[in-house]
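Chemist: The chain contents come next:
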Amino acid sequence: MKYPSKEMPYRIALAGNPNTGKSTLFNTLTGLRQHTGNWPGKTVLCAEGEYRFQEKNYTVVDLPGTYSLYSNSADEEVARDYILFEQPDVTIVVLDATSLERNLNLALQVLEMSDRVVICLNMIDEAIRKGIRIHDQKLSSKLGVPVVKTSARDGKGINELKKIVTRVAEGRIQTRPYRIRYSEKIEEKIQSIQSQIENIFGDQLPSRWIALRLLDGERSMLNALKKRIPKEGAPDGANLKSPYPVEA
Amino acid sequence: MEQTLNPLTQSKHKQLDSLFSEAESMTEPSSRDEIVGQIFRASKSICDEVVHYQDRQKLHRSEKLDHILTSRTWGFPIMLAMLGVIIWLTIAGANVPSSMLAETFGWLEGYITLGFQAIHAPDWLHGLLVLGLYRGISWVVSVMLPPMAIFFPAFALLENFGYLPRVAFNMDRLFKRSGGHGKQSLTMAMGFGCNAAAIMSTRIIESPRERMLAILTNNFVPCNGRWPTLILLSSLFMAAGVASGLQTFATAAIVMGMVLFGVVITLLVSWILSKTALKGVPTHYTLELPPYRRPKFWNTVIRATLDKSLFTLKRAVIVAAPAGVITWILANIFIGELSILEHIVAFLDPFARALGLDGFILMAFILGMPANEIVLPILMMGYLSTGAMTEVEDMAALKQIFLDHGWTWLTALNMMLFSLLHYPCGTTLINIYKETKSPKWTFLSFAIPTAMAIGVTFTVAQVARGMGWV
Numbered sequence: 001m002k003y004p005s006k007e008m009p010y011r012i013a014l015a016g017n018p019n020t021g022k023s024t025l026f027n028t029l030t031g032l033r034q035h036t037g038n039w040p041g042k043t044v045l046c047a048e049g050e051y052r053f054q055e056k057n058y059t060v061v062d063l064p065g066t067y068s069l070y071s072n073s074a075d076e077e078v079a080r081d082y083i084l085f086e087q088p089d090v091t092i093v094v095l096d097a098t099s100l101e102r103n104l105n106l107a108l109q110v111l112e113m114s115d116r117v118v119i120c121l122n123m124i125d126e127a128i129r130k131g132i133r134i135h136d137q138k139l140s141s142k143l144g145v146p147v148v149k150t151s152a153r154d155g156k157g158i159n160e161l162k163k164i165v166t167r168v169a170e171g172r173i174q175t176r177p178y179r180i181r182y183s184e185k186i187e188e189k190i191q192s193i194q195s196q197i198e199n200i201f202g203d204q205l206p207s208r209w210i211a212l213r214l215l216d217g218e219r220s221m222l223n224a225l226k227k228r229i230p231k232e233g234a235p236d237g238a239n240l241k242s243p244y245p246v247e248a
Numbered sequence: 001m002e003q004t005l006n007p008l009t010q011s012k013h014k015q016l017d018s019l020f021s022e023a024e025s026m027t028e029p030s031s032r033d034e035i036v037g038q039i040f041r042a043s044k045s046i047c048d049e050v051v052h053y054q055d056r057q058k059l060h061r062s063e064k065l066d067h068i069l070t071s072r073t074w075g076f077p078i079m080l081a082m083l084g085v086i087i088w089l090t091i092a093g094a095n096v097p098s099s100m101l102a103e104t105f106g107w108l109e110g111y112i113t114l115g116f117q118a119i120h121a122p123d124w125l126h127g128l129l130v131l132g133l134y135r136g137i138s139w140v141v142s143v144m145l146p147p148m149a150i151f152f153p154a155f156a157l158l159e160n161f162g163y164l165p166r167v168a169f170n171m172d173r174l175f176k177r178s179g180g181h182g183k184q185s186l187t188m189a190m191g192f193g194c195n196a197a198a199i200m201s202t203r204i205i206e207s208p209r210e211r212m213l214a215i216l217t218n219n220f221v222p223c224n225g226r227w228p229t230l231i232l233l234s235s236l237f238m239a240a241g242v243a244s245g246l247q248t249f250a251t252a253a254i255v256m257g258m259v260l261f262g263v264v265i266t267l268l269v270s271w272i273l274s275k276t277a278l279k280g281v282p283t284h285y286t287l288e289l290p291p292y293r294r295p296k297f298w299n300t301v302i303r304a305t306l307d308k309s310l311f312t313l314k315r316a317v318i319v320a321a322p323a324g325v326i327t328w329i330l331a332n333i334f335i336g337e338l339s340i341l342e343h344i345v346a347f348l349d350p351f352a353r354a355l356g357l358d359g360f361i362l363m364a365f366i367l368g369m370p371a372n373e374i375v376l377p378i379l380m381m382g383y384l385s386t387g388a389m390t391e392v393e394d395m396a397a398l399k400q401i402f403l404d405h406g407w408t409w410l411t412a413l414n415m416m417l418f419s420l421l422h423y424p425c426g427t428t429l430i431n432i433y434k435e436t437k438s439p440k441w442t443f444l445s446f447a448i449p450t451a452m453a454i455g456v457t458f459t460v461a462q463v464a465r466g467m468g469w470v
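Chains as they are written, first to last, in UniProt numbering: chain U, 1 to 248; chain G, 1 to 470.
If we strip away everything but chain U, and leave its shape as in the complex, we get (with noise of 0.2 Å):
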């Protein structure tokens, strides 16, 4: 695991369904300083921005808001891609806490792609108003990851949050992401693909997911991990920064 040096700033990624307070977390976090970047390859512009906390730089990237990281949409392989490739320090799921069980699919997913998982439970002054309770500390130990509660429009939480992400860009909090157990078909088969990407990218990338992808015939997975493949034979120093190992 790589940690970034003291001037380099944490990466932060704010993944989730539309509609849950994403962005409004987004503004709640960054304040005012927030521009909107470019991601190379496709025109889908991910806000991005930075905050400080305790002495720490982070730089938030806001991703698409999307049901699923199947690939369905141009917008779902944005926030696929940013999370598999560019492997953010911590990804921040946030749910909406008035509709978890929908929500917590994409909750499930992002569990199976990375380990530095922080669950945000958003909109929790609703929920309550609603009559709807969650035990966040028996959904944490479920999961395996912190599980904050905010109300971002309210500003509720946000500090927690923080506290939070960072301890885990640190790695103070030791997370076992859950991963959902498939039929045994299906797992034997997860097995013999796994090992074998490894071979071909060593431990950088999450096996067990793009073994998944490819179960599913994700021709789109196919072609985005050729694209990442040439960096890593680039014979220069210039790819130092790739996640991925120079020798498989």
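Just so you know, the hints here were simulated from the structure itself, not pulled from any lab data. Any given hint might turn out to be false.
[Said to hold, decoys possible] Simulated pairs of lysine-lysine, DSS-like, Cα-Cα distance not exceeding 30 Å: (1) U:K226 <-> G:K437; (2) G:K296 <-> U:K163; (3) G:K14 <-> U:K227; (4) U:K227 <-> G:K44; (5) U:K130 <-> G:K44; (6) G:K14 <-> U:K185; (7) U:K163 <-> U:K185; (8) U:K226 <-> G:K440.
No experiment lies behind these values; they were computed from the predicted model shown.
With chain U fixed as given, assemble chain G onto it according to the hints.
Modeler: Chain G in isolation, oriented as in the chain U frame:
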């Protein structure tokens, strides 16, 4: 790209390829359903353990409201009423502040002119800076700011309340019937704000065919830059014959008519394209209706004013200021009897007349290509530069400028139609190219609206003249 790959990379590509085909051979049609199904089951079982409902009854409030707002009988009337109220509020509320702003600018101009005289500035400098630049900007600000300061916050409040997805839900049936994707109604709703942004928002549509439909037809709803044109022209001209008490209603009705016409054209063009160049059957999708939320009133109003109104205005002023200077220069350099401006206008005039417009209007649309916000300013600067030196006084003075150049209700109507239907602005076209990566489709997204604009205005002008209405 292939030839630059080194052997290591190449071998890895091969490894990946064979891995993929291996995976493919293992894939069964049911694999995906099984994987997705397992995720859903996991979500459910986790939620069953951690979520407790005190009162399930409370959860259904949203559904009750949806039952009315998206009902087959009431959905459309409520939608039209909401739109009508917003437009009416905008028109009724904007008149007074518009006049006040105009008066203030006119009053200031007197002092600026005195200042120029005091330092013995040459006439051409006064002409360029005050009569060209200052007057142009004054008109833009007084005409555009008040309606925007009402319309955008009102629209944003509805948006934050959660009404827009319901609009999409209501419109869904129509779009499906015209061969498009139901989500096209959402991207269309985005277009009411900004077409360039709406083009980006078409990314939510999965199928490339239906996404292209949404891109090609997005321009047929008026964006931020075109609302002021529609609102101003309809309030100045279209409601003139109506009893004074009902004038704002008549104006609002006309603007609404324009919007509905744009929606009809959107559906029509989608339908034609889906039967010809973009054949196919609409795909299915799930549209989520998010819960209604009480918007944070002042927060929304202030954000909408700052982000949208001032942004649009800034764009108009920044682009319009140099355009004003250029227009003034063109109007004051003479070749033979006529200024360059008049040469251009004279050249465009015959064609423009056939569309029920005039050479100035067409020139304004052409020069206004970079941003729709500046079409009206350029038009006014063009008119102002040709001797009809109207001071910025009030809205009646503005109407007089148009009347002096031979405007009738037909001119106003056709300018509104042309504005509604014509080619997308430069920013939108650039976005279309970036999103489609295709010169052909980018060109079509320019050509289809332009052909519609010319066709419709020509027909309207010929019919109106033929029937002797003008």
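Chemist: Against this structure, judge whether each hint is valid.
Modeler: Status of the hints after comparison with the structure:
With a C-alpha separation of about 21 Å, the suggested pairing of K226 (chain U) with K437 (chain G) holds against the 30 Å cut-off. The straight-line distance between the Cα atoms of K296 (chain G) and K163 (chain U) is roughly 27 Å, inside the 30 Å bound, and the hint therefore holds. The hinted pair formed by K14 (chain G) and K227 (chain U) meets the criterion: a straight-line CA distance of about 13 Å does not exceed 30 Å. A distance of roughly 36 Å separates the Cα atoms of K227 (chain U) and K44 (chain G); the hinted pair therefore is violated under the 30 Å criterion.
At roughly 19 Å between alpha-carbon atoms, K130 (chain U) and K44 (chain G) fall within 30 Å of each other, so this suggested pair holds. For the hint pairing K14 (chain G) with K185 (chain U), the CA-to-CA distance comes to about 27 Å; that is within 30 Å, so the pair holds. For a cut-off of 30 Å, the pair hint linking K163 (chain U) to K185 (chain U) is broken: about 42 Å separates their Cα positions. The straight-line distance between the Cα atoms of K226 (chain U) and K440 (chain G) is roughly 29 Å, inside the 30 Å bound, and the hint therefore holds.
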